[in-house]
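Take the sequence shown: its letters are residues 40 to 266, numbered as in this note's numbering.
Worth flagging that the hints you see were computed from the coordinates, not collected in a lab. A couple of the hints might just be wrong.
Stated by the list, open to error - Calculated cross-link-like contacts (lysine to any residue; reagent style SDA-like; alpha-carbon spacing at most 25 Å):
| no. | residue 1 | residue 2 |
| --- | --- | --- |
| 1 | LYS240 | ASP118 |
| 2 | LYS240 | LEU182 |
| 3 | LYS240 | LEU214 |
| 4 | LYS240 | ALA184 |
| 5 | LYS240 | ALA133 |
Stated by the list, open to error - Okay, the calculated beta carbon distance ranges per label pair:
| no. | residue 1 | residue 2 | range |
| --- | --- | --- | --- |
| 6 | TYR103 | ALA176 | 23 to 31 Å |
| 7 | THR101 | ARG174 | 23 to 31 Å |
| 8 | PRO160 | GLU130 | 14 to 22 Å |
| 9 | ALA181 | GLY229 | 32 to 40 Å |
| 10 | ARG93 | PRO249 | 51 to 59 Å |
| 11 | ARG93 | GLY229 | 23 to 31 Å |
| 12 | TYR103 | ARG254 | 51 to 59 Å |
| 13 | ALA154 | ASN241 | 14 to 22 Å |
| 14 | ALA133 | TYR103 | 39 to 47 Å |
| 15 | PRO202 | ALA154 | 30 to 38 Å |
| 16 | GLY192 | GLY215 | 44 to 52 Å |
Backbone N, C-alpha and C define an ideal beta-carbon position, used for all residues, glycine too.
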Amino acid sequence: MPENQEKQEKQEKKDQPRRRQARGERRIAQLLEAAAHVFCTTGYTAASANAIAREAGVSPGTLYQFFPNKEAIAIELGDRLMHEMREAYGEALAPIDPATPLEEAVGAAVDRFIAFNCEHPVFFALMHGPDVPGRIAEDHDALHATLLSRVEGLLSSLLPDTPATDITRIAHVVLGMYMAGLELVLAHEGAERDAYIQELKNVLIRYLDPMVGDRLGRTDLTATPTP
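Sequences and hints are given; from them, build the entire structure.
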């Protein structure tokens, strides 16, 4: 066998596992995308592995090569979304420059969180459904605790003389208002969704303004234009 041909065959054998792995990753991504659509459409409880296979355009046997059941699919999907959400938290809850107006700081954080949830509506469907796999619920609780801690840290930097118990209470209220607003935002589309997003920002700004407004560059919300 010519030396060049032998080298080529050896290289092809080395490349085969990588190609199989790449095909497997593409198939998994295809199945996860189909699962996200099914979970959003029917809910996790009513969804089935067969329905996910149909949505992905593959046989149930192909699906079972990668996932033993719909719970395993939901957990893999949840893990990936949790990772992305942690990155979104880091961007949205970065330390605030004191020169940043409160309206801008709140608006930027809300926009980042809303964008993630609008791009991945299955995240809300999985995390707030009536029958969520236990591991996902536990991971979500841990993620929520991390988010609460980040909000407390931001508030503490803006309100250094405020007792820790008050900071925690304020952080809980802020998150509670955001989660309630998020549900309304996701229930609407187009211009109406944009209107709900603005209402959510207004609520948060008006709640936080009396506490931190004088510590950040700001626009007076109550000012009226001069004729």
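Legend entry - Non-conforming hints, listed in increasing numerical order: 1 and 16
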